[in-house]
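K.L.:
Protein chains in written order, with the working numbering: chain E, 73 to 549; chain W, 73 to 549; chain X, 73 to 549; chain U, 73 to 549.
To be clear, the hints were calculated from the coordinates, so they are not data collected in a lab.
What you are looking at is a predicted structure, and each value in this text was computed from that prediction instead of being measured.
Do not take every clue at face value.
Any copy will do: because identical chains look the same in the list, a pair fits if it lies in one copy or spans two.
[What the hints assert, rightly or not] Straight-line Cα separation of at most 20 Å, SDA-like style, residue types lysine to any residue; simulated pairs:
# : residue 1 : residue 2
1 : 206       : 182
2 : 275       : 453
3 : 231       : 93
4 : 430       : 503
5 : 275       : 428
6 : 396       : 333
7 : 275       : 299
8 : 323       : 454
Number of protein chains: 4
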Amino acid sequence: MTFYKDKPDEECGVFGISGCMSQPAAYETYLGLYALQHRGQTSCGIAVNSEEADIFCRKGMGTVPEVFGEAVMDSMTRSHPASCAIGHVRYSSSLEAQQDSTQPFVMRYAKGSIAIANNGCLVNADALRQNLEKDGSIFQTDSDAELIGHLVARQRLLKGTLEQAVQAAMPMMEGAYCCVLMSRSKLIAFRDPRGQKPLCLGKVGEAFVVASESCAVTSLGGELIRDVEPGEILVIGKQGVTSISTPKAEKGAFCVFEYVYFARPDSIINGLGVHEARYNAGRQLALEQPAEADIVAGIPDSGIDAALGYAFESGIRFAYGFVKNRYVGRTFIESDQMAREKAVAIKLNPLAAEVRGKSVVLIDDSIVRGTTSAHIVENLRRAGASAVHMRISSPPFLYPCHYGTDISRDDLLFARRQAAEHIRLQIGADSLGYLSIRGLRKATGSSRGICDACFTGHYPVEAGKSGDKFSKKLERL
Amino acid sequence: MTFYKDKPDEECGVFGISGCMSQPAAYETYLGLYALQHRGQTSCGIAVNSEEADIFCRKGMGTVPEVFGEAVMDSMTRSHPASCAIGHVRYSSSLEAQQDSTQPFVMRYAKGSIAIANNGCLVNADALRQNLEKDGSIFQTDSDAELIGHLVARQRLLKGTLEQAVQAAMPMMEGAYCCVLMSRSKLIAFRDPRGQKPLCLGKVGEAFVVASESCAVTSLGGELIRDVEPGEILVIGKQGVTSISTPKAEKGAFCVFEYVYFARPDSIINGLGVHEARYNAGRQLALEQPAEADIVAGIPDSGIDAALGYAFESGIRFAYGFVKNRYVGRTFIESDQMAREKAVAIKLNPLAAEVRGKSVVLIDDSIVRGTTSAHIVENLRRAGASAVHMRISSPPFLYPCHYGTDISRDDLLFARRQAAEHIRLQIGADSLGYLSIRGLRKATGSSRGICDACFTGHYPVEAGKSGDKFSKKLERL
Amino acid sequence: MTFYKDKPDEECGVFGISGCMSQPAAYETYLGLYALQHRGQTSCGIAVNSEEADIFCRKGMGTVPEVFGEAVMDSMTRSHPASCAIGHVRYSSSLEAQQDSTQPFVMRYAKGSIAIANNGCLVNADALRQNLEKDGSIFQTDSDAELIGHLVARQRLLKGTLEQAVQAAMPMMEGAYCCVLMSRSKLIAFRDPRGQKPLCLGKVGEAFVVASESCAVTSLGGELIRDVEPGEILVIGKQGVTSISTPKAEKGAFCVFEYVYFARPDSIINGLGVHEARYNAGRQLALEQPAEADIVAGIPDSGIDAALGYAFESGIRFAYGFVKNRYVGRTFIESDQMAREKAVAIKLNPLAAEVRGKSVVLIDDSIVRGTTSAHIVENLRRAGASAVHMRISSPPFLYPCHYGTDISRDDLLFARRQAAEHIRLQIGADSLGYLSIRGLRKATGSSRGICDACFTGHYPVEAGKSGDKFSKKLERL
Amino acid sequence: MTFYKDKPDEECGVFGISGCMSQPAAYETYLGLYALQHRGQTSCGIAVNSEEADIFCRKGMGTVPEVFGEAVMDSMTRSHPASCAIGHVRYSSSLEAQQDSTQPFVMRYAKGSIAIANNGCLVNADALRQNLEKDGSIFQTDSDAELIGHLVARQRLLKGTLEQAVQAAMPMMEGAYCCVLMSRSKLIAFRDPRGQKPLCLGKVGEAFVVASESCAVTSLGGELIRDVEPGEILVIGKQGVTSISTPKAEKGAFCVFEYVYFARPDSIINGLGVHEARYNAGRQLALEQPAEADIVAGIPDSGIDAALGYAFESGIRFAYGFVKNRYVGRTFIESDQMAREKAVAIKLNPLAAEVRGKSVVLIDDSIVRGTTSAHIVENLRRAGASAVHMRISSPPFLYPCHYGTDISRDDLLFARRQAAEHIRLQIGADSLGYLSIRGLRKATGSSRGICDACFTGHYPVEAGKSGDKFSKKLERL
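Please build the complete structure, drawing on both the sequences and the hints.
P.N.:
What follows is the structure, given as structure tokens:
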């Protein structure tokens with residue numbers, strides 16, 4: 073019996089800091105990566121910029137505390153008390169995650185050294201790589217970050233400054249990217265013209281920070297300044313921050329799933345708090361998919377924000393429906409040894425006192441197969457719930473994502489083939505309701521340029537030339 | 073700069089299962105210990121009862137997933153597919169936690185082998201140990217569990233059955249204890265006559281379970297049958313469960329701090345859900361310590377239950393005030409490397425969108441020094457809160473606990489010497505209010521025999537003969 | 073295909089030091105255990121005696137460097153800068169070695185605390201344990217060291233001093249033992265009346281040391297004073313060393329296998345260097361089992377000493393026949409993945425330049441099944457040896473050992489049933505010769521009281537009452 | 073007090089196998105790397121060639137058994153049952169060894185993928201890298217292997233086959249190199265025109281093997297075919313082995329230190345066994361530097377071969393003078409905690425029975441500072457040696473090596489400034505004698521093209537253009 077994930081996976085977070093005086097930049101980066109850990113737990117790395125020596129980089133498999141223990145951090149901050157650093161956390165879906173693809177990459181070329189890290193997915197990576205290879209480029213990984221590093225370095229050999237090289241390279245790159253790039257003298261951040269992945273600028277003390285999410289800025293005690301604009305290049309050096317604009321796309325394509333699931337609730341993206349967006353979605357869901365019930369409960373942690381909104385809008389009492397086991401980290405509970413229900417219950421135990429004899433509106437932010445949901449519903453019933461009305465604060469997934477969100481083809485086919493009624497039966501809920509696409513757009517601010525192709529199939533870019541990952545993915549489906 | 077804990081620490085959880093057929097008993101015990109992990113992360117152990125071979129025990133330093141990896145568990149369940157097992161999770165406050173005191177203990181004596189594990193603290197341990205030593209007993213640790221094992225074994229040499237030996241030993245033991253004891257043929261559980269620590273009986277499939285908290289029963293998909301009574305001995309064997317009553321104390325003395333902080337919200341103790349008790353305390357707190365505010369927020373995870381109650385009673389909106397970093401496990405963030413505010417913010421970041429410009433009622437379940445609280449209040453203000461009214465859903469700690477709750481003498485003296493106003497200033501809150509003792513009693517059901525000596529100084533037993541831990545502790549203060 | 077060991081296994085080493093001033097006793101013990109590591113790699117431990125606090129003990133599974141890393145040792149020597157300590161290295165043949173049996177044991181009884189560690193095997197352990205249990209003793213392990221601790225503590229409750237208690241306990245103990253025992257004020261060492269296992273007294277700087285072998289004294293830069301006598305009790309305290317004699321056995325029974333295989337060549341036992349004994353055996357072997365050959369080569373490290381003696385006596389040139397891979401530690405090379413020959417060759421590669429075209433006398437100190445030897449002979453031939461004459465510098469094993477040497481019953485039966493010719497064929501040697509029992513006695517000094525029961529079947533004690541390990545072992549065979 | 077190494081360090085070993093049928097190539101490579109472990113313990117890696125999937129590479133910090141545990145190896149051989157693989161063990165002298173430089177490197181370029189590993193040191197690396205960078209090359213490490221990979225790949229883009237690309241690249245490379253390079257369809261090995269580092273070809277079963285030393289071939293049960301010639305390129309594919317000759321240097325420059333210290337005694341290089349060379353050196357040393365003595369002893373393991381030769385030539389008895397502790401692996405014994413003498417004695421204890429009252433000729437293969445030697449001599453005297461005549465079977469180091477042998481500048485200056493008499497005094501020996509350069513040449517076969525610049529200062533190549541490592545090194549001295 074295979075076990076299907078119920079959530080798609082995210083693909084990385086980036087962090088960069090410059091002008092850090094009171095703390096070693098490596099240490100602030102370490103803390104910033106902690107705050108971004110939800111974006112990837114497969115591997116992580118930090119590169120620091122020492123003006124005296126070469127860029128120093130340390131990276132490894134595992135979470136931030138696993139890779140950067142106290143001894144490692146001590147030695148790194150002592151030997152490299154740099155004021156500038158970049159870092160990366162990475163998610164990898166491959167079973168045998170390759171250590172080689174751990175970021176940042178440090179690259180030495182004719183003009184010196186750079187370190188680079190990226191969040192995103194280029195749809196024309198294969199074509200770009202082939203072109204570069206024709207000119208003699210040699211790659212050591214499949215990583216887009218290495219590829220972008222090559223593109224930029226090539227341009228730098230032709231053009232003046234590093235930022236001009238970035239500016240020249242960007243039009244070649246199709247797809248989603250948010251890069252932090254560091255040379256000996258400056259930190260450069262740039263975001264794709266559609267702004268598909270989040271990237272923001274903040275200030276922590278006297279230092280400037282760029283990060284995938286603002287939670288990494290505020291967790292460090294800093295303040296969010298603004299998002300990096302789609303197509304914008306930021307250059308951060310001794311003179312402060314300089315901005316270079318490159319053409320934005322006509323239509324923005326910010327990944328709606330950041331609001332739905334990926335980002336942390338305390339992050340603010342495009343002026344909208346992630347918690348607020350989810351709360352709004354919950355309110356909207358209450359209007360679209362009302363239910364007769366005694367309490368509203370959210371599945372921790374993903375469904376809590378929307379559950380509060382649903383409760384507010386519906387007037388049904390919000391209740392603390394589950395206790396999440398704080399200690400269940402890397403366990404083998406999910407292996408085949410035991411029934412799945414038990415694994416689910418060990419992680420998430422219904423609060424019987426709250427649900428016994430009650431009709432429950434159960435909120436989650438998204439659902440793929442519903443395998444886990446089915447066990448949660450079953451456990452709720454065993455704890456005494458008289459009825460369970462499942463409400464999802466986003467529409468069903470129906471289309472593959474080409475920009476880094478990892479949902480399996482099987483899961484999508486499943487969702488497409490099954491009628492909602494079928495899924496409801498499988499979950500075992502008394503009723504099942506999804507938020508509409510219109511509702512989701514309303515919750516996240518309809519005027520903003522958002523990509524919701526995974527729900528609608530309206531991709532921000534047409535499928536490209538043969539050989540692209542993009543086309544291959546479409547073919548595969 | 074020293075860092076003071078803001079919470080007392082708990083001292084252990086026990087688990088026992090008998091009659092387990094569909095799963096190896098060791099595996100169910102492993103899951104049960106997971107559910108009790110909040111009661112102790114220093115060390116843990118599992119002893120299984122194989123009728124063919126001797127009792128097999130495996131234990132080590134660390135959490136359940138650290139000690140029992142998949143390979144260890146596989147080998148244990150394969151080599152010992154027993155139907156009966158006991159387990160233990162332990163908290164130790166000593167810096168150099170002694171591996172020897174890891175439980176369960178396996179003891180071989182004239183009548184065979186037993187394994188034993190305990191949650192509690194005997195106040196006459198020194199006197200008992202001296203008496204046993206006069207008769208030739210040899211101890212290898214300072215553990216009460218080893219001591220109780222000796223007491224029971226001695227009685228067993230004099231009297232008939234193992235349960236009769238337990239019955240004979242119990243009147244000798246002063247203080248708090250909840251033991252699980254296993255011989256080749258049966259599982260015995262017994263609880264002190266004042267019922268100071270929690271212990272319950274449940275059913276998981278066809279097996280009977282005893283556990284410190286009912287969350288370990290329901291997490292396994294089982295049902296809580298009832299609490300083990302103060303002074304009760306349960307004998308669980310092939311014939312099912314037999315109960316032996318020994319005299320209860322005139323006055324029960326169940327530790328109120330289990331309701332306040334220790335136990336998991338989904339546990340039910342003495343018929344009252346822990347979440348419910350905390351919710352009640354929050355409601356009562358709203359009546360006793362009202363505040364003018366826009367939102368009510370709880371400090372995760374400890375203040376959430378009471379915050380919901382406070383919000384309900386006061387009519388002020390409950391808001392999700394903080395995001396707790398799920399990945400901050402064993403890190404060195406708390407070391408001296410950085411300002412404490414930063415460490416607090418990395419773990420608990422205020423949700424700016426919810427608190428900006430708002431007057432906040434901030435709820436926590438208890439407070440010792442308030443060092444962490446001060447940082448939380450500061451972070452809330454930086455996130456834009458216009459006012460912070462701190463409310464504590466229990467009274468101030470003023471007296472030491474002799475039964476296992478670990479609060480330092482310095483912290484108690486601090487609490488005693490400082491006026492509430494002084495503490496408020498230190499925390500930096502606009503106002504500070506505690507729940508009254510009467511209020512707490514109301515929240516937890518006034519008629520029940522509860523020990524709240526840490527708040528009131530009314531101990532369930534007078535200080536004993538010289539040499540007792542108890543007297544020594546009083547003297548020290 | 074099962075893999076048979078070609079050597080019996082040894083069972084532990086002990087070390088004790090008192091009066092250590094210039095270095096912490098724990099540190100000297102750590103070094104001493106290193107020097108005794110060949111006697112056991114399963115687990116190890118160190119107990120130090122702090123006059124201010126209780127005895128502190130640290131132990132774990134693995135070799136000395138695995139259990140005592142730099143951080144552990146630093147903390148131990150800082151927190152316990154004691155002048156007295158004992159230590160133990162242990163070999164365990166059981167597949168699932170029990171951590172509980174790791175030594176030393178620390179025991180607290182009516183007269184204070186003691187720590188104890190032992191090398192040996194009591195043949196009346198079961199009877200002793202049963203007697204003690206009748207008087208209320210409770211055991212937590214199967215270890216003889218725990219049993220002896222109980223015996224001594226019991227006597228101490230009856231009699232005056234700790235050494236008198238030891239004196240009273242010794243006549244009860246049948247079998248082999250070499251104990252180090254430490255109380256707050258003194259270090260006591262005692263050896264069984266037959267002197268079956270080695271134990272010596274030395275001086276390292278101003279401190280007195282007792283150790284299983286003198287290599288642990290000289291490796292620390294100290295000097296061997298003398299062997300501890302059979303039946304002797306040494307008391308080492310502030311007044312220096314006091315000796316108490318208890319009756320020696322009529323006939324000594326020092327384990328000949330210490331000279332043959334167990335002990336390190338640089339140890340001196342009963343006035344005879346172990347290297348010297350092996351060298352003598354090699355000379356004797358040359359006389360008894362001559363061969364026509366070009367070179368003499370020993371199997372490293374076990375056969376080198378005897379090979380030098382053989383070469384000297386025979387006049388045939390000694391050659392360096394093999395290179396031993398220094399890095400093959402805990403590998404999985406021995407698993408079933410590969411042919412055994414390859415595993416052998418990776419560890420021990422013949423030096424082709426020396427053996428090509430030559431007739432080789434190949435010396436080893438002992439042989440059980442000869443599986444490994446067969447591969448070595450095969451590899452020698454492949455490296456070009458024209459003939460291989462296998463010579464063993466001890467007689468064949470034929471009888472089980474009751475005192476700690478671990479040879480499997482199957483292996484003994486194999487040796488008994490096979491004629492030497494059969495074994496030669498299996499090994500694939502051109503000739504095979506063993507040293508005679510008389511020859512071995514000559515090499516080790518015939519007048520000394522030595523137990524060579526594993527070769528002769530003449531045990532130092534008759535098989536005891538039913539229930540003894542001894543009888544059981546005989547029955548099993 | 074700083075601790076000076078007494079030996080230079082070696083820089084890597086390579087291994088490649090093709091046509092492996094009965095075992096997975098990864099497994100044979102793993103065993104081959106074990107046999108080469110003495111050439112580097114800092115890191116290691118294996119790349120396997122799966123015709124279906126891309127080249128798969130696994131590498132990490134540590135020794136072969138540390139990086140390739142059973143589980144890792146199992147998964148690797150199961151997922152990649154390839155018939156071709158290459159591997160590398162690496163020594164790094166830098167304190168913070170960079171994981172990025174772990175070999176093999178896998179590189180993807182316009183013509184596919186290659187994996188490469190190297191032993192050696194290019195003296196014109198900086199100039200080569202700069203030239204490549206001008207053409208757009210980007211490097212991720214400082215490794216020569218990565219550089220050579222780029223050189224070859226560039227040529228491959230211009231020329232026909234991969235072997236032709238190697239042939240075109242070789243004339244550009246100055247210095248020492250022995251490379252194994254693997255594409256999807258073949259294994260290529262090539263050695264620099266002076267043959268500075270060892271590389272041989274062998275056969276293991278049906279597979280062809282190239283390895284730094286023949287011990288890796290014979291340990292696998294295979295046979296050495298011959299050395300790879302200086303300047304030779306071997307192409308190993310389905311058609312077997314093809315050889316391409318490129319111009320040899322006029323004068324060979326094989327590193328004499330391979331015979332003196334680096335290589336394993338069981339390896340055969342240029343037709344001369346390493347043991348034989350050392351034995352010869354010992355014989356020659358006896359002629360040049362005779363001594364009146366009772367025994368000859370070698371320092372294990374480095375001095376044993378020469379000691380046997382010295383004993384043979386001088387007629388003085390060879391004795392087993394020390395016992396080397398087999399268990400002292402990665403310990404902290406060498407830290408500042410203790411006197412150095414003790415650290416030395418724990419590792420190497422004199423065999424008192426052999427040396428007491430004797431005059432000893434003590435042989436070692438080389439000496440830098442003599443710090444360790446001084447302790448060994450001291451320990452010998454304490455064990456009772458009446459005189460110690462130190463003899464070194466190579467001349468003194470006086471000049472830096474530019475080809476990978478790591479001797480510190482301080483150590484060389486030390487050796488240059490001190491008269492031999494001064495060093496003798498420091499060592500505390502009664503006399504000290506080195507082998508002459510002429511003597512060493514005789515021992516290793518005078519006619520062969522050998523580089524002994526570290527003894528003579530006669531480098532095989534003049535110091536190059538500015539910017540070379542080579543020149544910088546000379547300047548530094």
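K.L.:
Hint by hint, note whether the structure agrees.
P.N.:
Now for the hints, and whether the structure bears them out:
1. 206 / 182: Intra 19 Å, inter 6 Å, cutoff 20 Å: intra and inter.
2. 275 / 453: between (49 Å within a copy, 17 Å between copies)
3. 231 / 93: neither (32 Å within a copy, 52 Å between copies)
4. 430 / 503: within (15 Å within a copy, 37 Å between copies)
5. 275 / 428: between (48 Å within a copy, 18 Å between copies)
6. 396 / 333: This pair counts as both: shortest intra-copy Cα distance 18 Å, inter-copy 16 Å.
7. 275 / 299: This pair counts as within: shortest intra-copy Cα distance 12 Å, inter-copy 55 Å.
8. 323 / 454: Neither. Shortest intra-copy (49 Å) and inter-copy (36 Å) distances fail the 20 Å Cα cut-off.
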